[in-house]
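Colleague: Next come the chains, spelled out residue by residue.
There are 2 protein chains.
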Amino acid sequence: MSRLHGKLVIAQGGGPTAVINQSLVGAVLESRKFPEITRVWGAAHGVRGIINETFINLSEATTHNLELVARTPSSALGSTRDKPDAEYCHRIFNVFKKHDVRYFFYIGGNDSSDTVRIVNQHAYGEGYELRAIHIPKTVDNDLPINDHCPGYPSAARFVVCAISGVNADMNALPGVYIAVIMGRHAGWLTAATALARKHDDDGPHLIYVPERPFAIDRYLVDIERVYRQHGRCVVALSEGVWATRNEQGRAVPLVVDLMARAGREPQVDAHGNLQLSGGALADELAEIVQKRLGIQRVRADTFGYLQRSFPGVVSNVDAREAREVGEKAAQYACWHHVDGSVVIKRTGDYAVKYELAQLADIAAKTRCLPDDYINADGNGVTDAFHGYLRPLLGDDMPNSERLWAPMVR
Amino acid sequence: MSRLHGKLVIAQGGGPTAVINQSLVGAVLESRKFPEITRVWGAAHGVRGIINETFINLSEATTHNLELVARTPSSALGSTRDKPDAEYCHRIFNVFKKHDVRYFFYIGGNDSSDTVRIVNQHAYGEGYELRAIHIPKTVDNDLPINDHCPGYPSAARFVVCAISGVNADMNALPGVYIAVIMGRHAGWLTAATALARKHDDDGPHLIYVPERPFAIDRYLVDIERVYRQHGRCVVALSEGVWATRNEQGRAVPLVVDLMARAGREPQVDAHGNLQLSGGALADELAEIVQKRLGIQRVRADTFGYLQRSFPGVVSNVDAREAREVGEKAAQYACWHHVDGSVVIKRTGDYAVKYELAQLADIAAKTRCLPDDYINADGNGVTDAFHGYLRPLLGDDMPNSERLWAPMVR
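Quick note, the sequences are listed as chains A and B, same order.
Using the numbering used here, you'd call the opening residue of the first sequence number 1 and step up by one each time.
Using the numbering used here, you'd call the opening residue of the second sequence number 1001 and step up by one each time.
Any given hint could be a false lead.
Unchecked claim - In silico SDA-like links for lysine to any residue, alpha-carbon gap of 20 Å or less:
id, chain 1, residue 1, chain 2, residue 2
1, A, Lys-198, B, Pro-1266
2, A, Lys-198, B, Leu-1068
3, A, Lys-291, B, Pro-1266
4, A, Lys-97, B, Val-1408
5, B, Lys-1083, A, Pro-174
6, A, Lys-83, B, Arg-1297
7, A, Lys-7, B, Val-1408
8, B, Lys-1098, A, Met-407
9, B, Lys-1083, A, Lys-7
10, A, Lys-7, B, Pro-1406
11, B, Lys-1198, A, Glu-67
12, B, Lys-1198, A, Leu-68
13, B, Lys-1007, A, Pro-406
14, B, Lys-1083, A, Gln-296
15, A, Lys-83, B, His-1337
16, B, Lys-1097, A, Lys-198
17, A, Lys-291, B, Glu-1265
18, B, Lys-1198, A, His-64
19, A, Lys-7, B, Gly-1175
20, A, Lys-97, B, Arg-1409
21, B, Lys-1365, B, Asp-1082
22, B, Lys-1083, A, Leu-173
23, A, Lys-83, B, Gly-1175
These are computed hints drawn from the structure, not numbers from a lab.
Construct the complete structure from the given sequences, taking the supplied hints into account.
Modeller: Rendered as C-alpha cells:
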C-alpha cells in the first residue's frame, strides 16, 4: 500500500484526565516522524474546533514544550461536550476534504470513538481515503475490550490516596465518613478506594457501586455494624447509585429518594433540570446516618473535580500507557494503514500489549464492573479486583504507617 | 540547674495535618537521647488519653517505625476535640503527679497551647516541677507570633495543586468553578490558592476570605466581569465568610443568607444545630450564579477533608520544620529548662529560626491575614502574600504548561 500524503488533525474530547496530554504528545511526536503526514494540526476544543476551523499548528510546537504539556493534566487542546450526530460528522468530513486532512486521531471516550466511526464512514462512502483512529481515555474506565483506560489509573491513585488520608483522619478522630465518588454508570473509580485498606480494620469499610441496587435501610444496617465493631466507618459510594424504588416502584436517583424521605424538594437548575451534581447527595447520606443511627460525628465529602485531574498525583504506569496509545495511533495509521480504536490488553502480571479494535465495538457499550469484582453482599470488592488494580496504581504509593509500641499497663 | 528526672507525656490534639507526625517523631527521637527522660509515653487521643491513663510506651517504638509514621498524615497517637477547662486540667496534672511525669509536650493549635498553660499553672501552684511545651500545628495558620504554622504549607500545597488542576479543567471546558476551602476565621488557606496562577488569565480569578465582609451582589458583579473577559471564572472562597447582613442588620453565615434568598430552610442536624459543614454553601453559591447570571456551566466543590491530610502532597519545607519544632521542644525542656510554645520566625528568603514564646501569648488570639496581604477590592491577594507563601510550598511543585504553537490561519 502506498503512503497516504496529507494533514493530520488531532483532537481531545470529553472530561479531562491527568494523562490525556501524554496521549496527545505521544501521537504528535510520533506523527511528526512520518514524512507523509505533511502537517500536524490540533483542533481547539475537540470536534467543535474542526467545524469552526480553529486549528493549532502542532508541527511548530517545540519538543520541550510538548514534553512539559504531557505532564500537565486536562486537555491542552481544549475539549468539548458536543456529541456529533450524522450531520455534524458530515461537516467534520467536509472540513477534512477542504484542507486535505488524511489522518484523524480523536482522544476520548465512547462518544468520541463513535464520532471517529461516523466520520470514517463518510470518507468510505465518498471514496476519500482517511485514516481514522480513536485513542482511549476516561477516568470512568468503562470502554469495552480494554483491560483498562488511560486516565483511570491516575484517578484511582487519587481516590486511594484520599481515602488513605481519611482513614488516618478517622483513626485520630473517630466517626462516620462518606465519600461520594465519580461514576454515573460504572463503579470502577469507587471500587478503587478499596486499595486504601492496608490493615484489616482500615476503611473503606463499605463500597457501593451503581452495578448493584442501593437500599438505604441496608446502608444503615451496614454502617451500624461497622461502627459498632471499629468505632468508625469509612464509606465510598458512586454518585451514580440509584435507590431501588420510590412509591411508584421505579428506580430513582439516590439523592432524590433521600430528599423525599427528608421531606425536601430536589433542587432544579436554572433550566428546570434535576440537579444531581454538587454536594446534596453527600449531605443527605450523612444526615440520614446522624438522624437514624444517632451517631454524632458524621462527615461527607463529594470528591468532585479534584479526582480527575490533580497535578502530581499520577500513576507512572498510566502516564506511560497513555503515551504509548498515542504513539500507537500514528504507527497503526502510517505503518499498517488501518482504522480503529487503540486498546490496552493485559498480557502478564504486569505487562500489556496494544491492539486495534473495531470502532463500532468501542462505542457500543459501557463496561461495568464484572460480577467477580463485587462481593456477595454488594458492599465491597473482591480479591480479584485488588489483583486487577494494584499494578495500575504505579510506583511510590504513599505508605500509611501506624505506631507499633506496647500500651502502658 | 540540675537535671529533672521523670517521664515525658506527649499528645496530639485537634484536626490532623499532613506533617503532625513529623513533630511527634522529632520530639520522641530527640527526647529518647536525654537520660533524664526516663520514659516517653504517648497519650492516646490527646488530653483524653491522659485522663483515661491510656498511654503508649514510645520508648519501645522502633526508629524505623517512627520514621515511617513521620511520613504518614494525621495524628498517629489519635486526637481529641476536648477543650479542657480548669477542672479537666487539674485532672491531667493529677495523672502526671501519680506517674511522675515531669515533661509534657502537646502538639496542637490555640486550644492545645492553652491546655499546656493551665496544666503548667497547676504545677507551679503546687510546687511540682514540670516542663510543659506546646508544639504548634494547624492547617489554619492562625497561631500568633509564628511566621507560619506547621501543617499549613502542606495544606496550601494541596489547594494550590487542586486549583491548578481546576484551571486546566476550566481551560478545556470553560465555565464558572467555585471552590469552598477550609478556614472559619482566617483566610490563609483560601488565599494560598492564588499561587496556582501561572499565567495572567489563570484562576483563581477571585478570592474571598473571612477577613472581609462578603456581599453577594458584589460576588455576582465580580464573576460576571471575569467571565466576560476570560470566558471562564475560578473562585476560591473560605467556608467562614459571613454575609454582610440579613433583614435585621446582623451578619449571618453565608450559607444561611443564600438559602434564605432561595426561599429554603437552613438544614439543622440531629441536635437542632445549624449545619454549616457539608456541600450546601458550594451548591448555593453555584446556583445563584446560574440563576442570576444565566451562565450554564457552573460547578462547585467543597474541598472538605482531603485538603488537610492528603498522603504524598507534602511540602518538604513543612515536613522539615514540623520535625524541627518537635526536636526543639525536647531541647528547650532538657537543655534550657524552660516552658513555652515553640514558634517559627522567618529570618531570610528563605530561612527560619525557632524560638520559645510565652504560652499565654499563643492561646490569646487568632492571627488573621494582615491587611497588606489582601487586595483593595477584597477579592484577591497582593504580591506581598505571594512572596510570603511561595517558599513554603516546597520543592518540585507540579508545573502547568500550555501548548505554545501558532494558530493555523
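Colleague: Indicate, hint by hint, whether the structure satisfies it.
Modeller: Right, here's what the structure says about each hint:
no.	hint	result
1	A/Lys-198 with B/Pro-1266	violated (39 Å)
2	A/Lys-198 with B/Leu-1068	holds (14 Å)
3	A/Lys-291 with B/Pro-1266	holds (16 Å)
4	A/Lys-97 with B/Val-1408	holds (16 Å)
5	B/Lys-1083 with A/Pro-174	holds (17 Å)
6	A/Lys-83 with B/Arg-1297	holds (17 Å)
7	A/Lys-7 with B/Val-1408	holds (12 Å)
8	B/Lys-1098 with A/Met-407	holds (17 Å)
9	B/Lys-1083 with A/Lys-7	violated (69 Å)
10	A/Lys-7 with B/Pro-1406	holds (16 Å)
11	B/Lys-1198 with A/Glu-67	holds (18 Å)
12	B/Lys-1198 with A/Leu-68	holds (14 Å)
13	B/Lys-1007 with A/Pro-406	holds (16 Å)
14	B/Lys-1083 with A/Gln-296	holds (17 Å)
15	A/Lys-83 with B/His-1337	violated (71 Å)
16	B/Lys-1097 with A/Lys-198	violated (39 Å)
17	A/Lys-291 with B/Glu-1265	holds (17 Å)
18	B/Lys-1198 with A/His-64	holds (18 Å)
19	A/Lys-7 with B/Gly-1175	violated (32 Å)
20	A/Lys-97 with B/Arg-1409	holds (17 Å)
21	B/Lys-1365 with B/Asp-1082	holds (19 Å)
22	B/Lys-1083 with A/Leu-173	holds (14 Å)
23	A/Lys-83 with B/Gly-1175	holds (18 Å)
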